[in-house]
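K.L.:
In order, the protein sequences belong to chains A and B.
Under the numbering used here, the first residue of the first sequence is numbered 1, with each subsequent residue one higher.
Under the numbering used here, the first residue of the second sequence is numbered 1, with each subsequent residue one higher.
I should point out that these hints are in silico values taken from the structure, not numbers from a laboratory.
Note that the coordinates shown come from a computational prediction; the quantities given were computed from them, not determined experimentally.
Careful, some of the hints might be misleading.
With beta-carbon atoms standing in for the labels, derived distance ranges [unchecked claim]:
{"hint": "1", "chain 1": "A", "residue 1": "Thr-8", "chain 2": "B", "residue 2": "Pro-70", "range": "18 to 28 Å"}
{"hint": "2", "chain 1": "B", "residue 1": "Leu-87", "chain 2": "A", "residue 2": "Gly-96", "range": "17 to 27 Å"}
{"hint": "3", "chain 1": "A", "residue 1": "Ile-194", "chain 2": "B", "residue 2": "Arg-8", "range": "33 to 43 Å"}
{"hint": "4", "chain 1": "A", "residue 1": "Ser-124", "chain 2": "B", "residue 2": "Arg-8", "range": "40 to 50 Å"}
{"hint": "5", "chain 1": "A", "residue 1": "Ala-126", "chain 2": "B", "residue 2": "Trp-39", "range": "21 to 31 Å"}
Short derived list, chain B residues pointing at chain A, Cβ under 7 Å [said to hold, decoys possible]:
{"hint": "6", "residue": "Arg-24"}
{"hint": "7", "residue": "Leu-28"}
{"hint": "8", "residue": "Leu-44"}
{"hint": "9", "residue": "Thr-81"}
{"hint": "10", "residue": "Leu-92"}
Here chain B is said to cover these stretches of chain A; the calculated rule only asks that three of the stretch's residues, wherever they fall, bring their Cβ under 8 Å from a Cβ of chain B [claimed, not checked]:
{"hint": "11", "stretch": "9–21"}
{"hint": "12", "stretch": "58–64"}
{"hint": "13", "stretch": "117–124"}
{"hint": "14", "stretch": "127–137"}
{"hint": "15", "stretch": "142–148"}
{"hint": "16", "stretch": "167–180"}
{"hint": "17", "stretch": "220–227"}
Glycine is no exception: its CB is placed at the ideal position from the N, C-alpha and C atoms.
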Amino acid sequence: MSNDKPLTFGQGVRAGLPFVLVIGPFGLLFGVVGSEAGLDLAQVMTMTFLVIAGAAQFAAVQQMVDNAPVIMVLVTSLAVNLRMAMYSASMVPHLGEAPLWKRALVAHFLVDQTAVLGIERFESRADAPLHEKLAFFFGVALVIAPFWYAATLAGAVVGSRIPESFALDFAVPITFLAMIAPMVKSLAHLAAAITSVVLALLLAWMPYGSGLLLAALAAMTVGSLVEVARTRGGTA
Amino acid sequence: MIQFSDPRIWLVIVLLGAGTFLIRFSFLGLIGNRDLPGWLLRALRFTPVAIIPGLAAPLVLWPAATGGDPDPARLSAASVTIAVGLLTKNVLAAIVGGAGTLYLMLWLVG
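Just chain B, with the same shape it has in the complex:
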């Protein structure tokens, strides 16, 4: 559960909205028709694959629901999600595969 006070939650929401808008508006609105340096464009393309796996890894290995102990059901679910996502390139199929594995394993292992 989020422990933030209400004003702090609102602060995050408003600043996240404003910051996201500024990122989206950056070139269209402010910087104009200027080319980005190649190295920067290249690095920007890698931002999702650079951040999201690192964000997910501790949640997979040390889930809060088990008090931080690695858990076979969650490890299998994560592996199936990655495998289905890599093979099908389909977000929804990967979610369904991962959730199905999680429930099957929780039901089997308890």
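With the rest of the complex left out, here is chain A:
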């Protein structure tokens, strides 16, 4: 019964375009921080091409700077990306019928922006055929990903020429806080964030970032429990 226009690649491009304003500076910063930390151009660019996830990339670089063992670097950075399993699950009802290679391609480009825009559009246009949904998704992806790559490249190229007086050491924590503050949308999120901070500081003596993992598990539990308690309280 919908009289909406079909979903197209061009609509995806237009929907993705505003996010360029966030991705550009952010990719630039990763290029700068990665090369300042001692990664060469090929390493910065390979990571950015394969991972396409700012928070995990910053986390990996920080853990390597802290000289954590490889396994802890991976566990911490991959844990940051676990939310993408949720994106993957939410794409299944819409794109699950596509051939395997297309689903693999969707998975590669399943970043925060493509997932959020995709979920929002697919849910309002659940009746749209598979090829239209794929066209929209790749429209968003083809704005987001190349911008991320280009911005990282620009940052990596200028990165090593930035003088120490710019206090770039603090770019990473500022970026982390700037990413996370807008995500604190409820009391449950706030409780999780505070638990994470307090326990991470208290457990900082534990070796190789294992304190951070305990803090994160506790914070996820606290967040979930607060959310459940508030939902029950609201409906009771």
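Fit chain B to the given chain A structure using the hints.
P.N.:
Chain B in isolation, oriented as in the chain A frame:
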């Protein structure tokens, strides 16, 4: 600076890429059209707010650039970043606010 040998850096990059792909591919590719248990979906939604603040906190309180001593410029910059991020819900505005505060404070305090 990263002290890792080159092969170790490459190992991290490749495994991080592969692991991230597997997470993204999980339901679309391998597990299929099956519903996740509610508690797991709920917990997954909290992963960023559960990890990133804990990762940032020691960097803010004990910055390596000052030898681990708390530093007024960096503490103010972090506070402004959080406040702007909470108020505007805008990542870029928060970064600009935090960086501006950091430079202003470093210039004022030295």
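K.L.:
Each hint needs a verdict: does it hold in this structure or not?
P.N.:
Here is how each hint holds up against the structure:
1. A:Thr-8 <-> B:Pro-70: 18 to 28 Å: Roughly 53 Å apart at Cβ, these two residues miss the hinted range, so it is violated.
2. B:Leu-87 <-> A:Gly-96: 17 to 27 Å: violated, 39 Å
3. A:Ile-194 <-> B:Arg-8: 33 to 43 Å: holds, 35 Å
4. A:Ser-124 <-> B:Arg-8: 40 to 50 Å: Holds, since Ser-124 (chain A) and Arg-8 (chain B) (Cβ atoms, about 46 Å apart) stay within the stated range.
5. A:Ala-126 <-> B:Trp-39: 21 to 31 Å: holds, 26 Å
6. Arg-24: holds, 4 Å
7. Leu-28: It holds, given that the least Cβ distance between Leu-28 (chain B) and chain A is near 5 Å, below 7 Å.
8. Leu-44: Constraint on Leu-44 (chain B) satisfied, holds at 4 Å.
9. Thr-81: holds, 4 Å
10. Leu-92: holds, 6 Å
11. 9–21: violated (count 1)
12. 58–64: Three-residue rule met by the stretch 58–64 of chain A, so holds; n is 5.
13. 117–124: This one is violated; 0 residues, fewer than the three required, reach chain B with a Cβ under 8 Å.
14. 127–137: Coverage by chain B is violated here, the residue count being 0 at a Cβ distance below 8 Å.
15. 142–148: violated (count 0)
16. 167–180: holds (count 13)
17. 220–227: holds (count 5)
Hint compliance for this structure: hints 1, 2, 11, 13, 14, 15 are broken, all remaining hints hold.
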